[in-house]
Amino acid sequence: MATPVLRVKNLSTYFHTSQGVVRAVEQVSFSLAPGKTLCLVGESGCGKSVTALSLLRLVEPPGKIVSGEVWLNGRDLLKLASSELRRVRGKEVALVFQDSLTSLNPVLTVGLQLAETVVAHEGLPWKEARRRAAELLYRLGLPEPERLMRSYPFQLSGGMRQRVSLAMALLLRPRVLVADEPTTALDVTVQAQILAELKRLQRELGMALLLITHDLGVVAAMADEVAVMYAGSIVECGPVTEVFERPAHPYTRALLRSVPRPGEELVPIEGQPPSLLGLPDDRCPFLPRCPEAREECRKRRPELLKVAPGQLVACHYPYMARDEG
Amino acid sequence: MGLVREAERGAGCWERAAGEGAAVRGDSAWARLKRDRLALAGLVMLSIVVAVAVLAPYLAPNDPVKVDLQHRLAPPSAQYPLGTDHLGRCILSRLIYGARVSLGTAALALTAVLLLGLPLGILAGYCGGWVDNLIMRLVDILLAFPGLVLALVIAGTLGPGLLNVMLALALVWWVGYARVIRGMVLAVKEKEFVLAARACGTSRWGIIIRHILPNVLSPVIVLATLDMGKLILAISGLSFLGLGAQPPTPEWGAMLNDGRPYLQVAPQLTLYPGLCIMTVVLAFNLLGDGLRDALDPRLTTRL
Numbered sequence: 001m002a003t004p005v006l007r008v009k010n011l012s013t014y015f016h017t018s019q020g021v022v023r024a025v026e027q028v029s030f031s032l033a034p035g036k037t038l039c040l041v042g043e044s045g046c047g048k049s050v051t052a053l054s055l056l057r058l059v060e061p062p063g064k065i066v067s068g069e070v071w072l073n074g075r076d077l078l079k080l081a082s083s084e085l086r087r088v089r090g091k092e093v094a095l096v097f098q099d100s101l102t103s104l105n106p107v108l109t110v111g112l113q114l115a116e117t118v119v120a121h122e123g124l125p126w127k128e129a130r131r132r133a134a135e136l137l138y139r140l141g142l143p144e145p146e147r148l149m150r151s152y153p154f155q156l157s158g159g160m161r162q163r164v165s166l167a168m169a170l171l172l173r174p175r176v177l178v179a180d181e182p183t184t185a186l187d188v189t190v191q192a193q194i195l196a197e198l199k200r201l202q203r204e205l206g207m208a209l210l211l212i213t214h215d216l217g218v219v220a221a222m223a224d225e226v227a228v229m230y231a232g233s234i235v236e237c238g239p240v241t242e243v244f245e246r247p248a249h250p251y252t253r254a255l256l257r258s259v260p261r262p263g264e265e266l267v268p269i270e271g272q273p274p275s276l277l278g279l280p281d282d283r284c285p286f287l288p289r290c291p292e293a294r295e296e297c298r299k300r301r302p303e304l305l306k307v308a309p310g311q312l313v314a315c316h317y318p319y320m321a322r323d324e325g
Numbered sequence: 001m002g003l004v005r006e007a008e009r010g011a012g013c014w015e016r017a018a019g020e021g022a023a024v025r026g027d028s029a030w031a032r033l034k035r036d037r038l039a040l041a042g043l044v045m046l047s048i049v050v051a052v053a054v055l056a057p058y059l060a061p062n063d064p065v066k067v068d069l070q071h072r073l074a075p076p077s078a079q080y081p082l083g084t085d086h087l088g089r090c091i092l093s094r095l096i097y098g099a100r101v102s103l104g105t106a107a108l109a110l111t112a113v114l115l116l117g118l119p120l121g122i123l124a125g126y127c128g129g130w131v132d133n134l135i136m137r138l139v140d141i142l143l144a145f146p147g148l149v150l151a152l153v154i155a156g157t158l159g160p161g162l163l164n165v166m167l168a169l170a171l172v173w174w175v176g177y178a179r180v181i182r183g184m185v186l187a188v189k190e191k192e193f194v195l196a197a198r199a200c201g202t203s204r205w206g207i208i209i210r211h212i213l214p215n216v217l218s219p220v221i222v223l224a225t226l227d228m229g230k231l232i233l234a235i236s237g238l239s240f241l242g243l244g245a246q247p248p249t250p251e252w253g254a255m256l257n258d259g260r261p262y263l264q265v266a267p268q269l270t271l272y273p274g275l276c277i278m279t280v281v282l283a284f285n286l287l288g289d290g291l292r293d294a295l296d297p298r299l300t301t302r303l
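Just so you know, the sequences run in chain order E and A. Read in the UniProt record's numbering, the first sequence has 307 at position 307, and its numbers run on one by one without any break. Read in the UniProt record's numbering, the second sequence has 240 at position 240, and its numbers run on one by one without any break.
FYI, nobody ran anything at the bench for these hints, they're computed from the structure. The structure displayed is predicted, hence computed values, not measured ones. It is possible that some hints are incorrect.
For the chain A half of the interface with chain E, some residues (derived, Cβ under 7 Å), not all of them [to be verified]:
{"no.": "1", "residue": "Phe145"}
{"no.": "2", "residue": "Glu192"}
{"no.": "3", "residue": "Asn215"}
{"no.": "4", "residue": "Pro219"}
Where is the CB? At the ideal position from N, CA and C, for every residue including glycine.
Using the sequences provided together with the hints, build the complete structure.
Quick look at the structure:
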């Protein structure tokens, strides 16, 4: 595998609330090669978005990154001075949010918001910055970019707005794009278009993509690698073909079974994801919902271990190992 | 009634949107303001008063401070269209020049209020923590006093004079703005677009100036318009009490005070400045109410 452009090691982000400590992200590690796509999947509230925000140190109090390293281009982003970090944000790592209506400023025109980033980072004159923004909008399949840039976010449709958000993130040709559920708020046809455009631009720019989603269909279409999160930790990760064909963690298996397929029965996962508040760390977090739970699972939290080339699983009794042994 | 009007507005937007394609500018605040007759009336009245104030030297028939003791308390005549006051000064000329003084001082005081209130409110809301605590406790202390009485104390300590009155008013008036603005900043800074701007590497000041300020500005405009009327009243009130404009400066509040002893023999001395104050305050209130409706964010964000 090529040298990773982004390497995250043992990242933990806790929220110190009045009721106690919420371990939103616990010891998360992954790496991302240039031009590749890693999908972070999991249920709502399992720490996917906080992981994304932690990468750029955008977690607000009471949230706090308590440990870990985020290596980008030989620099640990968690140790950068805030002025240096500002230059990294947007320029080297860009973020796309789920809801483009709230992630665009309602009182500024689209053009101003797009150009602002270019002006701030590259010191180009406004006119030049606007020209570049218009060019990118056109490449993203938006006709009449000049007119579009004069309009306000609320005047655009959801699909157009999401393309604008995407353009904003891509304007500076970042090396890594973090997209937090970029298509969840859209209908499926628009979703397919935007994903296709994202993939095309990713190829053109040689950009690494960290795609956060709970839609396994999106994962199958986009990902090279996949990391499954549960209760703040990665429980299984590896190449998407391996993980989808030979899921080793009971949670991954359950997740895949809960995807509707024609002719097959839909199997929901019993129970609720655990509250991250005061989650005991002396047992497996999936224990209450696991159909295969045994004595060992109550005694020790499983570590992320290799079960196949490139495939890591945090389970005392992963499927593959058991089948073979 | 309100519902019908809203429905009409909605329909108007829709037709325009359909006519010009998806990316159109919605119903603008100005278009909504134009449909509000009362606000328009206020705007027209204010435009006239401002024009009169600006053109005072050309409009006033006489020198506003020239004393003509032979024509004291004279009835209206060709030379003195509204008569004269107790010193034989032309009332009309004094009213015309008074517009300059009253509007000018109120505008300057308001500027000072905004210069204090906006940055402090934004700072308190955006920074939070001890900065917020410090500013807001100061605001609490100032709000614990009745504003006009405190202004009276400050102006009294500084000595009479228009400049001191403006200063005194600014010092007690900014607290309301700081409070309102802080609240709005608190709400705006949690919005996702602020996070998005930070994710793009926008600096703290860039976020405050380009993203937060425009989002809190329209309520501030409304508040400021309504407050212009209140400030004119306050300045007139302080001048009436002898703290503001000093003789012979023509100022509406001071003119009221001048005319007070002659209320029974020459009511026009107090009637005309009183009418002027009332008209201007009313105009500002009408315009302010209209602006509040026109700039309502719920209307601007609807498609």
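A quick look at each hint next to the structure:
no.	hint	result
1	Phe145	violated (34 Å)
2	Glu192	holds (4 Å)
3	Asn215	holds (6 Å)
4	Pro219	violated (12 Å)
Of the numbered hints stated above, those contradicted by the structure are hints 1 and 4, listed in ascending order.
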